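K.L.:
Residues 1 to 935 (the UniProt record's numbering) make up the sequence shown, in order.
Hints were generated in silico from the structure; no laboratory data involved. Hints are all accurate, no fakes.
20 Å max Cα-Cα, derived EDC-like pairs, lysine to aspartate or glutamate:
no. : residue 1 : residue 2
1   : Lys778    : Glu741
2   : Lys538    : Asp525
3   : Lys353    : Glu320
4   : Lys777    : Asp721
5   : Lys392    : Asp634
6   : Lys173    : Asp184
Keep in mind that this is a model prediction, so the values were computed, not measured.
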Amino acid sequence: MDKPPAYRPRDARLASFRSLLGAVLLVVITASSFNVTLNWHRDGSVKVPVNAAQIVQRCQSLNTLPGPPRDFHQRTQSDRYAAGTPPTLLRNATIWTGLVSGHEVIVGDILLDQGLIKEFGTVKQSVLDSYKDLVVVDAGGAWVTPGIVDLHSHLGVDSAPSLRGSSDTNSRKGLVLPWLRSLDGLNTHDDAYRLSISGGITTANVLPGSADAIGGQAFTIKLRPTAERSSSSMVIEPPHELNGTQVDPSLPPRWRQMKHACGENPSRVYSGTRMDTIWAFREGYNTARKFKESQDAYCTKALDGQWKDLGEFPENLQWEALVDVLRGRVKVHNHCYEATDLDGIVRLTNEFKFSIAAFHHAHETYLVPDLLKKAFGKTPAIALFATNARYKREAYRGSEFAPRILAENGLRVVMKSDHPVLNSRHLLNEAQQAHYYGLPHNLALASVTTTPATVLGYDHRIGFIKPGYDADVVLWDSHPLSLGATPKQVFIDGIPQLENPYTVNKPSTFQRVPKTPDFAKEAEDALKYDGLPPLELKNATSDVVVFTNVHSVYLRQGARIREIFSMTKAGTAGVAVVVNGKISCIGALSTCPSARNTDIQKIDLEGGSISPALVSFGSPLGLNHINGEASTNDGNVHDPLKSDPPSILGKGSVIQAVDGLQFSTRDALLAYRSGVTVGVTAPSSSGFLNGLGTAFSTGLSHRLVNGAVLAEITAMHITIDSSSPSVGTHIAVLRSLLNGEGERELGIQFKNIMQGRLPLVIQVQSADIMASLITLKKEAEEKHGAKIQMTFSGANEAHLLAKEIGEAGIGVVLNPSRPFPHTWKSRRILPGPPLTEDSSISALIAHNITIGIGVEEQWSSRNLRFDIAWAALEANGSISTADAIALASVNLEHLLGVRAPNTDLVAVKQGTLLDFEGKVVGIISPRRATVEWIV
Numbered sequence: 001m002d003k004p005p006a007y008r009p010r011d012a013r014l015a016s017f018r019s020l021l022g023a024v025l026l027v028v029i030t031a032s033s034f035n036v037t038l039n040w041h042r043d044g045s046v047k048v049p050v051n052a053a054q055i056v057q058r059c060q061s062l063n064t065l066p067g068p069p070r071d072f073h074q075r076t077q078s079d080r081y082a083a084g085t086p087p088t089l090l091r092n093a094t095i096w097t098g099l100v101s102g103h104e105v106i107v108g109d110i111l112l113d114q115g116l117i118k119e120f121g122t123v124k125q126s127v128l129d130s131y132k133d134l135v136v137v138d139a140g141g142a143w144v145t146p147g148i149v150d151l152h153s154h155l156g157v158d159s160a161p162s163l164r165g166s167s168d169t170n171s172r173k174g175l176v177l178p179w180l181r182s183l184d185g186l187n188t189h190d191d192a193y194r195l196s197i198s199g200g201i202t203t204a205n206v207l208p209g210s211a212d213a214i215g216g217q218a219f220t221i222k223l224r225p226t227a228e229r230s231s232s233s234m235v236i237e238p239p240h241e242l243n244g245t246q247v248d249p250s251l252p253p254r255w256r257q258m259k260h261a262c263g264e265n266p267s268r269v270y271s272g273t274r275m276d277t278i279w280a281f282r283e284g285y286n287t288a289r290k291f292k293e294s295q296d297a298y299c300t301k302a303l304d305g306q307w308k309d310l311g312e313f314p315e316n317l318q319w320e321a322l323v324d325v326l327r328g329r330v331k332v333h334n335h336c337y338e339a340t341d342l343d344g345i346v347r348l349t350n351e352f353k354f355s356i357a358a359f360h361h362a363h364e365t366y367l368v369p370d371l372l373k374k375a376f377g378k379t380p381a382i383a384l385f386a387t388n389a390r391y392k393r394e395a396y397r398g399s400e401f402a403p404r405i406l407a408e409n410g411l412r413v414v415m416k417s418d419h420p421v422l423n424s425r426h427l428l429n430e431a432q433q434a435h436y437y438g439l440p441h442n443l444a445l446a447s448v449t450t451t452p453a454t455v456l457g458y459d460h461r462i463g464f465i466k467p468g469y470d471a472d473v474v475l476w477d478s479h480p481l482s483l484g485a486t487p488k489q490v491f492i493d494g495i496p497q498l499e500n501p502y503t504v505n506k507p508s509t510f511q512r513v514p515k516t517p518d519f520a521k522e523a524e525d526a527l528k529y530d531g532l533p534p535l536e537l538k539n540a541t542s543d544v545v546v547f548t549n550v551h552s553v554y555l556r557q558g559a560r561i562r563e564i565f566s567m568t569k570a571g572t573a574g575v576a577v578v579v580n581g582k583i584s585c586i587g588a589l590s591t592c593p594s595a596r597n598t599d600i601q602k603i604d605l606e607g608g609s610i611s612p613a614l615v616s617f618g619s620p621l622g623l624n625h626i627n628g629e630a631s632t633n634d635g636n637v638h639d640p641l642k643s644d645p646p647s648i649l650g651k652g653s654v655i656q657a658v659d660g661l662q663f664s665t666r667d668a669l670l671a672y673r674s675g676v677t678v679g680v681t682a683p684s685s686s687g688f689l690n691g692l693g694t695a696f697s698t699g700l701s702h703r704l705v706n707g708a709v710l711a712e713i714t715a716m717h718i719t720i721d722s723s724s725p726s727v728g729t730h731i732a733v734l735r736s737l738l739n740g741e742g743e744r745e746l747g748i749q750f751k752n753i754m755q756g757r758l759p760l761v762i763q764v765q766s767a768d769i770m771a772s773l774i775t776l777k778k779e780a781e782e783k784h785g786a787k788i789q790m791t792f793s794g795a796n797e798a799h800l801l802a803k804e805i806g807e808a809g810i811g812v813v814l815n816p817s818r819p820f821p822h823t824w825k826s827r828r829i830l831p832g833p834p835l836t837e838d839s840s841i842s843a844l845i846a847h848n849i850t851i852g853i854g855v856e857e858q859w860s861s862r863n864l865r866f867d868i869a870w871a872a873l874e875a876n877g878s879i880s881t882a883d884a885i886a887l888a889s890v891n892l893e894h895l896l897g898v899r900a901p902n903t904d905l906v907a908v909k910q911g912t913l914l915d916f917e918g919k920v921v922g923i924i925s926p927r928r929a930t931v932e933w934i935v
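With the sequences and hints as input, model every part of the structure.
P.N.:
Shown next, in the form of structure tokens:
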């Protein structure tokens, strides 16, 4: 028998009746407002939930799309305004607004106040007079843009320096994890925030990694530190319910972001296939669809007033975000490379009726633009690297012409960093490169400002310079698309982020949009050959080749580079006559009469230049075709400090890189076409002893071709940068080897090192380890009475010991040339302008150290010409054009033991090897008696 109801006093019963009556009236009113039918019982009563109004409200707004409130642009103060921030006037600026499809440029002022852009253009004096504490910054005509927006970053979840527990990018808990959130792993102490801000980055979309098909929810943050110092306070427009707050039902929801991935990454991590991944997607979306359908059915009843047995709203915390994807309330960012994967995701979107905001990485999208337009809803944007490709199979057909081709097909292009894969401090350089290879200037600037802001759904507040928008603006030292463009100041929410920024003097030509070369044929070939166009050059048809309209010529003179001819000094354009690959005459036409012959091959450089070719070092160029594909690579040598070598080798064996050389790799050929004609490489190793390096031609087909190998052996390469075994163990082993205790071949080569016949190149980043090596070098030289040629490679922290390194006679190859604190041992970097007056290069040059510049990954060898130019710019005049060329030619040869010099020359049309306007059109090779054309 059921227990009888408890007796309640009359007052309590009256209160209960009033409460029920109030609920009924509320429902009646709500029903009237929303045209909801109430289900009355025959006895005149109605049984409705106490929270009926809330149910009705929730159901009515269930499919409301995110966006700003209608009165958003009437706000007078930003929700991110920091009290006490003074109003600021940027006066006399050249303003790229992002409006009119990126074509609008206005010369005028910008007024920042209350965290907002208040006015721009002509600001009335009466407005300015109303401010008593106005900070005025004279831009002096400099360019101002909206803050840079990084659509694809792992800032804060893949932190610098990399430490155990500092990476919260990927989960290994399953293929489909829409409930995870990058915010829950966002580290506020990442050293990269300050660096990225110094590159103009104001906003970053922090994504989970790509190990999972659905890796979780991304959060978009402003990079400036907040007074609260919390991760949550960095989030721009956090979802209303993020912290369990009560949501004003009149407000639309806010956009959320989610990471998807297809192809090799989830397949590799979970030992599955593409079929497994797509099934995981379908199963996850089917689960979400069922929840959505049950919610829709529930709301159909609720809005019809069918309250009987309605129960609770059907939801599941794990799946609610994926349900919102199906409702169009989440921006999906899909890591996806190849056409086969893109096709699978396009089919998935149409099966489950959801949209993709952007395909990321997306190296083959330019090959299938029509496929992308078949995706459900709005055509996805494409987020790309500029030249970073071929590092795994999926990226093998990547093309530098992808941005221009996609734009020509009407697709939105975004350039992104995938930080820390690329240091997001230099994200703007991705847009600069995209422009160099043909993306129109308005779209190139938009690709890191307005377009990513729009893709994220925040184009109502960031990405444009417009009244009422967030006061996120960057004042640049040159046109943003010019090489090495650096912020003079960065404002986030109206707050200046750079304290006492350092600027360098740039040539006046850097204040305009660079004139880009003509790459139309190359872009056509990228499509014609399905992403793998032939890269080999063609030999000249004549033994005599004349270059006309030459602006400058630089040649080797011993261990230096000298300017031999200058149109500026000569007062007229020059000519260069080449006979069988050797220059026979340089100067004005009158001084080279053979240039008048009509039966010889001529090429007009249109104000271009001729200079020594470059040397690439620091990557496995020439040993690997595709870094991520073991079957295409030479492989790693064994570490003698961790295990014994194979018995057939025996102790004391030394591996030679020349034995593993692979020619005609695409990265090598692209480097060759970019003026890098020699690669110096060492055997790949994850341990102490790499082996003997070699120097080879990047443009030849195999080892037996004449001139393919410049030097079979260049230097001994070792690495002292790990803690397993200890650094002390590494130093002790090196001491023993320098004392002559090595066996067999190893002993012989270290004897050569001690006698100064073979350079010793040490990969090292830490200044503490360098200090020990300097001491060890001094000990060994005093003991044996001979000088050791030692080179530090990597050397992020070398500036801390610049004086001591110079006194010890040690050379330095900086790699990367623009430092980043990847590890604890490389964290004390000298970042250079605008954060520090000196760069690592200028600090080392001040102590007469021979310096070279290296590359970390083989794909970036093609960009070496721009790396040395950037280094010269940051040195603020202390490095000439000739000295910059030396950084990646004669200096490297000396530091790495290349005794047979690279005598190749590079012909550049419409500019020099060091700028964004020049295009390499030919290679002049005296050692092979040839001139080759890029056709």
